[in-house]
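J.: Mapping the sequence shown onto my numbering, position 92 (from 1) lands on 105, and the numbers just tick up by one.
Calculated from the structure, these hints are not laboratory results.
Hints may be right or wrong, so weigh each one.
Heads up, simulated DSS-like pairs for lysine-lysine below, C-alpha to C-alpha not over 25 Å straight-line [as the list claims (entries may be wrong)]:
id, residue 1, residue 2
1, K160, K19
2, K19, K30
3, K123, K30
4, K30, K69
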Amino acid sequence: MKPADKTNVMRTLEQKKIPYSAYTYESEGAITGLEVAEKLGQNPDQVFKTLVTTGKSTQHYVFVIPVGAGLDLKKAAKAVGEKSLEMLKQKDLLGLTGYIHGGCSPIGMKKAFTTTIDSTAANFDSIIFSGGRIGLQVQVSLTDLAKIVRFTLADVTTGLIHN
Numbered sequence: 014m015k016p017a018d019k020t021n022v023m024r025t026l027e028q029k030k031i032p033y034s035a036y037t038y039e040s041e042g043a044i045t046g047l048e049v050a051e052k053l054g055q056n057p058d059q060v061f062k063t064l065v066t067t068g069k070s071t072q073h074y075v076f077v078i079p080v081g082a083g084l085d086l087k088k089a090a091k092a093v094g095e096k097s098l099e100m101l102k103q104k105d106l107l108g109l110t111g112y113i114h115g116g117c118s119p120i121g122m123k124k125a126f127t128t129t130i131d132s133t134a135a136n137f138d139s140i141i142f143s144g145g146r147i148g149l150q151v152q153v154s155l156t157d158l159a160k161i162v163r164f165t166l167a168d169v170t171t172g173l174i175h176n
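Work the whole structure out from these sequences, hints included.
T.: See the structure below:
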C-alpha cells in the first residue's frame, strides 16, 4: 500500500508499533456492515461498526458493536451514565469526528470520546472495524486497541440481527 493510501488509523497503529491486518473491498459508497463482512469473507460477529451518539448532557459517545447487531440506546446510556442517548445526525459526523458515514473508526477521531465496545468483542482474539475510509477495514486485538483507545466493554446491543 502506498503511503498516500494510508489512513490516520493505519498511521496511528504503525506509529505505536501495533500489529494489524488491513482488508480492502470495492464499494461505491457506504454499505451495511453485514455486506462488508460478506465481501471480506469474515464472521459478521467479529466485524464491528462504529456508532456515535449524543447524550442528554450533550456529551458525545462512541459505541463499537457487531455489524449484525443494533445499538440498544437504553443499555448504552446506562453504560456511560447518561439519562438518555440519541444517534448523532449523519450530517454532523464529519465535523465532529473527521470521518464520513461508512468510514468511521474508533481510532483517530478529532477528539477522544468516551468509547464503549460491545462485550461480545471479548469472544475473539481480535476484532475487525473501519480503517478510516469506506473500503478499508483493520483487524486489531483488544489488548493492542486498548493502547491507543480508552474503552470499556459492556453489553450495549439489541442482539444479533442475522442468524
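J.: Work down the list of hints and note, for each, if the structure agrees.
T.: Evaluation of the provided hints:
{"no.": "1", "hint": "K160 to K19", "in the structure": "holds (20 Å)"}
{"no.": "2", "hint": "K19 to K30", "in the structure": "holds (15 Å)"}
{"no.": "3", "hint": "K123 to K30", "in the structure": "holds (21 Å)"}
{"no.": "4", "hint": "K30 to K69", "in the structure": "violated (37 Å)"}
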